[in-house]
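Mind the numbering: the sequence shown is residues 665 to 1222 in our numbering, read in order.
There's no promise every hint is true.
What the hints assert, rightly or not - Using 30 Å as the maximum straight-line C-alpha spacing, the simulated BS3-like pairs for lysine-lysine come out as follows:
| # | residue 1 | residue 2 |
| --- | --- | --- |
| 1 | Lys906 | Lys695 |
| 2 | Lys1132 | Lys700 |
| 3 | Lys1132 | Lys906 |
Said to hold, decoys possible - Derived DEER-like restraints, expressed as beta-carbon distance ranges:
| # | residue 1 | residue 2 | range |
| --- | --- | --- | --- |
| 4 | Lys808 | Glu670 | 45 to 53 Å |
| 5 | Gly878 | Glu1214 | 47 to 55 Å |
| 6 | Glu1206 | Asn1148 | 35 to 43 Å |
| 7 | Ala1204 | Asn897 | 22 to 30 Å |
| 8 | His751 | Ile1152 | 58 to 66 Å |
Source of the hints: derived by calculation from the structure; they are not laboratory data.
The structure presented is a predicted model; accordingly, all values stated were derived computationally and were not measured.
Beta carbons: idealized from backbone N, C-alpha and C, even for Gly.
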Amino acid sequence: MEYKTENRICRNCKKEFLIDSEDFNFYEKMKVPAPKVCPDCRFKMRAMFRNETTLYSGCKCGLCGKGIISMYNPKSLYSTYCYDCYHSEKWESKDYAKDYDENRPFIEQFKELLIKVPKINLGISPSDGENINSEYANSASGCKNCYLIFNSSLSEDIFYSKGLKNSKDSSDLYFCKNIERCYECVNVHQSSGILWGQNVNGSVDSQFILNCRGLLNCFGCVNLNNKSYYFLNKPLSQIEYKKKVSEILGSYEKTQEFKKQFEKFIIDFPMRENNNIKTVNSTGDYLFECKNVKDSFEAFNAENCRYLLYSKGAKDSMGTIGYGTQSENLLEVVSTGHSSNIIGSFMTHYSQDILYGFFLTNCKDCIGCDSLKNGKYCILNKQYSKEDYEKLREKIINELKEKDLYGLMMQQELALFAYNETVAQDNMPLTKKEALAQGFHWEDDIQKTEGKETMKLEDMPDHIKDIKDSIINEILRCMDCNRNYKIIPQELLFYRKMNIPVPRRCFFCRHHDRITRRGPFKLWKRNCDKCKKEIRTNYAPERPEIVYCEKCYQQEVY
């Protein structure tokens, strides 16, 4: 059947959205109706199942009783198990099985099951192994000696960072791969010794650099390639360069002064319409080696996909957050990988033909199941014959279709987290009033402390060389939000080694700044400031930056 682009009005926010012919073809392949909910509202539905950075201490494993860090608020309805207990043979998820009652709403029965079945305390993907000495790591795997690291894998000695792979000995990063000795970076790859960098590749020992590659010993540079000993885009002798840099690094006051200077300096340089690399016929930002990927962000090696975020290696999929590795035909899923034909599921691995699954591993043909391993023809964790399963499957799908739910992520009443605990708040922030009006939960009791500081920021020495070891015993207060925070021993060693001043703001405010530097999770139409060609970019039309299309930027910079 040949489809045409269709305008629809979102049943949630009442805004108009488009469904094009490729979308219709994908929905037909997945055998689901085209949605009556717009892409932004569908993203919020998915994001309610992805809490990365809101962690709670003082929790206990519901099986062995040991203290754990958890992504679930202690007052939540769920029993949480530590990693070892959750993956042990001390309990069996099928013991919580429910008989499917054809006379009751499926969602209502699924919710009852989700409340009963224990949850793992943190999100850990099985593909890269467990974390070692990294109890404050969430949506992460294969990490060692890391602290407050999220959505990352195969990294070591990392602090306060998100979106890393194969990186080590660094802090305060966002979306970086194959780096070491880096600090306050966004989208930096194949580099070492980069401080305050963004959109950098193949560079070494450089600070305050933007949109650069192949730099060595450069400071305050924009749109440069293959240069050494440049300061504010001008060449200096090694002696002059080292003198200027030494007058700034290590001092909090001097670093802040230069940061303001650099922000004014970069405004006269053109920016690329996006930061996509080796990407064909795609729209979005931070796409690497992607083909036919639309309206997506922070994706690697994806093909024929739309509405991806933080996903790697997905094919023929629509609406994913996280993971995606070696998967195809994913629709409205979160943290799902090495799988195919999955709809509306969370943390599903090595599985096929799943409808609305939670924490499933090596499963096939399951509906509404939680924490199953090696399950087949199961509904609400109960085993059925193939014949009975297929009959009940049809009934459940028809019920969900009648309610315009089939093909969407699970309803908000099943969401594991509050809006302000999740990546929804990072990417589409709402006030409490707005979130509640849109039907989301809101958590007022997010764990933090205020008013317990033992050192005033004004009493802290300006230069890292004057900071005493005793600072690790002090409680500090964030200068922006007043939240208390501490400096851990490994962090102090890193600051001293890299000649970085101790931060005056907490991790959460620094993380928010990196998201702001990354740019919004949204695309606008605007015109290239050189050739006037229409482009789609996450630089809003009213922003002051000079933005070039890819062709004009290449001609200008390279």
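Each hint, compared with the structure:
no.	hint	result
1	Lys906 / Lys695	violated (63 Å)
2	Lys1132 / Lys700	violated (59 Å)
3	Lys1132 / Lys906	holds (26 Å)
4	Lys808 / Glu670: 45 to 53 Å	holds (50 Å)
5	Gly878 / Glu1214: 47 to 55 Å	violated (19 Å)
6	Glu1206 / Asn1148: 35 to 43 Å	holds (37 Å)
7	Ala1204 / Asn897: 22 to 30 Å	holds (26 Å)
8	His751 / Ile1152: 58 to 66 Å	violated (28 Å)
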